[in-house]
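Chemist: Here's the letter readout for the chains.
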Amino acid sequence: MTDTQYDRAPGDASALPDVEQGTTSGVLVYTIGLVLAVVLTAMSFWVANTSLLWPPGVSLGLTVLAIAQMGVHLVFFLHVTTGPDNTNNVMALAFGVLLVALVVVGSLLIMADLNDGMMPAPELMNLQMQH
Amino acid sequence: MNVAVAVDDEVRYEARPSASEAGPATKRVVVGYGFWIFLLSDIVMFAAIFAAYAVLAHATAGGPSGVQLFNQRSVAIETGCLLASSYTCGLMSLAIGSRRYAVTYLAALITFVLGAAFLALELREFAGMIAIGAGPQRSAFLSAFFTLVGCHGLHVTAGLVWLIVMMAQVAIKGFRATVERRLLCFSLFWHALDIIWVWLFTVVYLMGALS
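Which chain is which? The protein sequence lines are A and R, in order. At position 25 of the first sequence (counting the first as 1) the number is 25 in our numbering, and the numbers step up by one without a gap. Throughout, our numbering is defined as the position within the second sequence, counted from one, plus 1000.
Rather than coming from a laboratory, the hints here were simulated on the basis of the structure. Wrong hints could be hidden among the right ones.
Unchecked claim - To give an idea of the chain A side of the interface with chain R (calculated C-beta under 7 Å), a few residues:
hint : residue
1    : S25
2    : G26
3    : L28
4    : P56
5    : S59
6    : M70
7    : T82
8    : G96
9    : L98
10   : V100
11   : M118
Stated by the list, open to error - If you want the footprint, here are the derived chain A segments under chain R, 3+ residues with CB under 8 Å:
hint : region
12   : 31 to 44
13   : 83 to 94
Said to hold, decoys possible - Restraint-style ranges between C-beta atoms, simulated for each label pair:
hint : chain 1 : residue 1 : chain 2 : residue 2 : range
14   : A       : L109      : R       : L1123     : 49 to 57 Å
15   : A       : S25       : R       : A1127     : 38 to 46 Å
16   : R       : L1123     : A       : V35       : 38 to 46 Å
17   : A       : L53       : R       : K1173     : 49 to 57 Å
18   : R       : A1127     : A       : T31       : 29 to 37 Å
19   : A       : D116      : R       : V1113     : 44 to 52 Å
20   : R       : L1106     : A       : S51       : 42 to 50 Å
21   : R       : Y1105     : A       : T50       : 41 to 49 Å
22   : A       : T31       : R       : A1116     : 21 to 29 Å
In this text, a Cβ means the ideal position worked out from N, Cα and C, and glycines have one as well.
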């Protein structure tokens, strides 16, 4: 059962011995991640500041770019893979994403709904947002 | 079977036993998994603070709004610092894997300096905002802003302290298994902070400048 030494924890650049994989390919992985992250960051800043794009779509575009960059960080920096030794980490990550989505989307929906309910008079509208 | 394993990486990968057949995982994998769970719980906590910020983002109570307060140039520099420090942290874990002390110390030093530069820029921004009367007590928007960005800043501070402690351990104890596992946890922590910052600059600074 020498194979167990090839188990890989998240954050492990490579579980294989250096003679097999070498640090050059490790450096390459991090460099690809850095380049992709820099490109996505630059795109985010450009999208936020340009007047070329349809304004209501800008926040959606920024969200998509942030999700893409999160993916780049997970794959190239945190080394989350689809390998069999990474199943537990991926399942935990999926559960974390579910919790985050529930907390954020749930809070925003409920607060927007409460806000909609506060409609009696113009001077009272948006009351909770005044403090 | 083990003879075929040595041929190339593809064969090795397929000859690997499934998770249930491989027996107990190594301590390194278990430690990484445990720390991964902690990071996810930390991210869920940040999600709650993000939700609070998103709800209160327009509750300026007549005070300054994000458009007036945020300086995108300094945010871009902060982002660059944190991203570069994440990269050097990755190079540090490679150097640890190949047992090179000098490269490890150098990468750790660059990581620390970039992280400290990030923190200094953020503190300068906070001080500037408080100086013009836009402190956390001014409005619900600013309370949420200082909670969210300050919480991330506290995490970065903790990471910097942790990095110093780890370098002291490498210097005194060398690359023994326990130290190596702690360094693995540190690099996970540092990369996770970068993921949180991606959402932070997108939601707070870039979307805040839209409205």
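Chemist: Hint by hint, say whether it matches the structure.
Modeler: Evaluated hints:
no.: 1; hint: S25; in the structure: violated (10 Å)
no.: 2; hint: G26; in the structure: holds (5 Å)
no.: 3; hint: L28; in the structure: violated (11 Å)
no.: 4; hint: P56; in the structure: violated (10 Å)
no.: 5; hint: S59; in the structure: holds (5 Å)
no.: 6; hint: M70; in the structure: holds (5 Å)
no.: 7; hint: T82; in the structure: violated (11 Å)
no.: 8; hint: G96; in the structure: holds (4 Å)
no.: 9; hint: L98; in the structure: violated (10 Å)
no.: 10; hint: V100; in the structure: holds (4 Å)
no.: 11; hint: M118; in the structure: violated (13 Å)
no.: 12; hint: 31 to 44; in the structure: holds (count 7)
no.: 13; hint: 83 to 94; in the structure: holds (count 8)
no.: 14; hint: A:L109 to R:L1123: 49 to 57 Å; in the structure: violated (35 Å)
no.: 15; hint: A:S25 to R:A1127: 38 to 46 Å; in the structure: holds (44 Å)
no.: 16; hint: R:L1123 to A:V35: 38 to 46 Å; in the structure: violated (30 Å)
no.: 17; hint: A:L53 to R:K1173: 49 to 57 Å; in the structure: holds (54 Å)
no.: 18; hint: R:A1127 to A:T31: 29 to 37 Å; in the structure: holds (35 Å)
no.: 19; hint: A:D116 to R:V1113: 44 to 52 Å; in the structure: holds (49 Å)
no.: 20; hint: R:L1106 to A:S51: 42 to 50 Å; in the structure: holds (44 Å)
no.: 21; hint: R:Y1105 to A:T50: 41 to 49 Å; in the structure: holds (42 Å)
no.: 22; hint: A:T31 to R:A1116: 21 to 29 Å; in the structure: holds (24 Å)
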